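Enquirer: Next come the chains, spelled out residue by residue.
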Amino acid sequence: MKHLLSTRDLDRATAISILDVALDMAALGTRDVKKLPALRGKTIVNLFYEDSTRTRISFEAAEKRLSADVINFSAKGSSVSKGESLKDTAQTLDAMGIDAVVVRHSSSGAPHLLAHSGWLDVPIVNAGDGTHEHPTQALLDAFTLRESMFDDDARGKGLDGLNIVIVGDILHSRVARSNIWLLATLGANVTVVAPPTLTPPGIETWPVRLSHSLDDALEAAPDAVMMLRIQSERMKAAFFPNAREYAKFWGLTAARYRKLGESTIIMHPGPMNRGLEISGEAADSPQSVILKQVTNGVFVRMAVLFTVLTGAKGDVHE
Amino acid sequence: MYMSNEILITGANIMGEATADILVRDGVITAVGAKLEAPEARIIDAKGLIALPGLVDLHTHLREPGFEQSETVLTGSRAAAAGGFTTVFAMANTSPVADNAGVVEQVKRLGDEAGYVTVRPIGAVTVGLAGETLADLGSMATSRAQVSVFSDDGKCVHDSLLMRRAMEYVKTFGGVIAQHAQDPRLTIDAQMNEGEVSSRLGLNGWPAVAEESIIARDVLLAEHIGSRLHICHLSTAGSVEIIRWAKARGIAVTVEVTPHHLLLTDDLAENYDARFKVNPPLRTAADVQALRAAVADGTIDIVATDHAPHPHDTKDCEWDQASFGMVGLESALPIVNTTLVSTGLLSWSDVARVMSQAPAQIGSLEGNRALTVGEVADIVLFDPSTSREWSTDDVVSRSKNTPFSGITLAGSVVHTIRHGYLTVTDGLLVDEKVVAEAGGFRG
Amino acid sequence: MTATLLQPADMTRALTRIAHEILEGNRGTSDLVLLGIPTRGVTLAKRIAATLAQIDGTEVPVGALDVTMYRDDLMSNPTRATAQTDVPVDIEGKTVVLVDDVLYSGRTVRAALDALTNFGRPETVRLAVLIDRGHRQLPIRADYVGKNVPSAHSERINVRLSEIDGNDLVTIAEHTSGGAA
Ligand SMILES: [Zn+2]
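Residue numbers (this note's numbering), protein chains in the order written: chain G, 17 to 334; chain D, -12 to 430; chain U, 39 to 219.
Please keep in mind that the hints were generated in silico from the structure rather than gathered at the bench. Nothing here was measured: the structure is a model prediction, and the numbers come from that model. Fair warning: there could be bad hints in the mix.
[To be verified] Label-pair distances were calculated between CB atoms; the ranges are:
id, chain 1, residue 1, chain 2, residue 2, range
1, G, A111, U, N115, 23 to 31 Å
2, G, Q247, D, G89, 44 to 52 Å
3, D, A117, G, A259, 31 to 39 Å
4, G, V49, U, D94, 26 to 34 Å
5, G, G177, U, E97, 54 to 62 Å
6, D, L332, U, N115, 32 to 40 Å
7, D, A273, G, D25, 25 to 33 Å
8, G, G172, U, E97, 24 to 32 Å
9, G, D300, U, E130, 34 to 42 Å
[Said to hold, decoys possible] Over the 10 Å line for every Cβ pair with chain G, so calculated as not near, a few chain D residues:
id, residue
10, E100
11, G141
12, E305
13, Q308
14, F311
15, S378
16, R385
17, H406
18, G414
We put the beta carbon where it would ideally sit given N, CA and C, even for glycine.
The task is simple: from the sequences and hints, build the whole structure.
Expert: Okay, here's the thing in structure tokens:
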């Protein structure tokens, strides 16, 4: 695997191998020395065209734990805000001899361009592009699901037969897209719940079941329910009437939470709009794994960086 | 340089129907028949070549004034000649906008000076393409540029009342409004065809209904006020159905389709290669089939290129930041040959109709474009037997944003004759000075 | 051509001998920790521990030490999957016996010594291997060796263990296609 651009082009074996490596990275968290020398001498650039402190810090922690040298490049206050193109920036980084780029961009497909345009020739890791994909988020969600379901027995396993409900703005959510492809690859049954205004056209060809009723979907006692963040600008663009109504129909309210069985875990990619898509009671409940998702993010990103940056032939080898 | 007023085309296949010689003298076809003799004439051996009336493009962006880094009237005229065109209608979205007599006369003059094709400026419908107040429609019509087609192309005349008034007003001088049908509210920040591919790629969708609803409204308006209406670059199967219905009712609507909408589909966006970004967007394979069938059955009247040059940098970037549009003058006839003639949907006389006679009629050009004695000698000689993988080397436009690189296209333009002189011979453009002089301008 | 180096009975004898040597060298099992290097080193460590228990009657802590992240050939070889590390006790001041199946260049052991430093400072580190095939590239030697096998670079040694591979067998063959030895 040279790049990680999308979960859609991850095969099952590669996905499971990344999750297994992440498991070994997680074991590191319990040690006194949390650093590994694997990427010593490698320079990784975190190229962030969009503000996302949490994702950047998670990648930075992953990079540093693998002993890589880290350069943070954020669009604000840089040559980018002065109109430098992605191409010029990419060629500049190439000229500096860096070893990998972690890119976050508001334009869908920007990581794909970096990987395939010939502007630079290093591994590219997609840290979220527009409304396209956020593959490391999906991997950390899968990791968290596997951990919750199988505990110490997770190694080598997929998510076969698990029932996962994804709720909210599927149309604009890169987290939803990456999760849909990855969960399907790992064998889970995915139900998406969204108002018709926030349902992507053509979703009937995707490996999901579509529902417009959150109550129906929760009635089936899924193994996990994944709440997506809703952006306030969607309301202004008339995707739904108002916040109150969104919470009422599409939010994991306290009442819905109380009806939920204990076996259903609650997930959210963060940052949360408490009281909108998720109630505080649900977010802080014992079955919420929202903070575990954050913790696991570092391990999964370590596994991804290790996988794309090592290996002469690019294949996984026992 | 050997110059003669006479050209004798021998053994040409005239519109695919009969083999004959064509004699051209002083810009006019003077004889058509077997074994013509003209000792003084320059001989063009046209054995195996299809002779068509010079092509007319009702939808070209020449970019001058204002965007000369993309194209100029001269470079765009050369691209047109290379594609077998002898007349192009130049869209109004220049800078300044062609919304007054001054700009359209300037564009016409630049076209005359270049001499490769007849350049007929299109006038803007509204001032500055802003969609608010009508431009100087009458002044442009009666100017030396003789504007007969008006369009805000690039933008839709979306205000229903303004559209009605414009269509009514241009009846004064026999003009026509060419509508770029796109509901602006349904296409906010739209990037590509709305469908499964756009959903997967995370690119904002441009739904078919945004085109179809405007076309439906405008044909009803045209019927109500008894006006002519022309629809630019029809792109969806649903639009075809509406036009079929409108024509059956006798509404005076004419329709164009671009070569790229006859060939390419929305899944080409998968690599985020912005060469495939165009407005209206590439649609689905089902739409492509419907468009081809509609050209074949006459629902679609003409093929027009929407030749839209853009500099490399505005295409070599993030998809949502890239410009809309693709060049298409050079590749138009090979694509029509590939998609419509080779497939048996059109005969060569149909091609003459959809690429020359019908667009000329919509644009109120004089002449019949019939390759008969007495007609102006605008002729293209096309070799349908060759085929090649298209590349940017085939693009003579100043901009190289062709989406067809790597696609095999059938046929090539061998000679183009405008007003009785060669602009392209043996597949090569004739020198600028020679053409300018032949066109009557001496710098 | 494939030749057998160890039959099942040979392997058991070799491991038993190693267990005795460890006891002698360590004067008993006190403060002893066995750490196998995945995958087969872990299995061998468990067998040695079982033998020690039979001889001495005490349970010696056994763990696994994955060295993947410490290798110096990460960029030149195909990507390796990592394996689980499990160090069951504090190794500070202990005698750690690293166990691996084949000792060759010495680079795996070098990586293991590196990995070990992250868990503490053992009093002594020893090395036990089932096969020593020579060709060291680093100043490293084994303290306990099941069998010394002079080999050519072009040869490949294949260790099979019943827990993983279904049977106990060590063979040597001409190296034919790609793959790590
Ligand atoms: Zn247009």
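Enquirer: For every hint, state whether the structure bears it out.
Expert: Taking the hints in turn, this is what the structure says about them:
no. : hint                            : in the structure
1   : A111(G) <-> N115(U): 23 to 31 Å : holds (29 Å)
2   : Q247(G) <-> G89(D): 44 to 52 Å  : holds (47 Å)
3   : A117(D) <-> A259(G): 31 to 39 Å : holds (36 Å)
4   : V49(G) <-> D94(U): 26 to 34 Å   : holds (33 Å)
5   : G177(G) <-> E97(U): 54 to 62 Å  : violated (39 Å)
6   : L332(D) <-> N115(U): 32 to 40 Å : violated (57 Å)
7   : A273(D) <-> D25(G): 25 to 33 Å  : holds (26 Å)
8   : G172(G) <-> E97(U): 24 to 32 Å  : holds (28 Å)
9   : D300(G) <-> E130(U): 34 to 42 Å : holds (39 Å)
10  : E100                            : holds (36 Å)
11  : G141                            : holds (22 Å)
12  : E305                            : violated (4 Å)
13  : Q308                            : violated (6 Å)
14  : F311                            : holds (15 Å)
15  : S378                            : holds (17 Å)
16  : R385                            : holds (20 Å)
17  : H406                            : holds (44 Å)
18  : G414                            : holds (31 Å)
In summary, the structure is inconsistent with hints 5, 6, 12 and 13 from the numbered list given earlier, while agreeing with the others.
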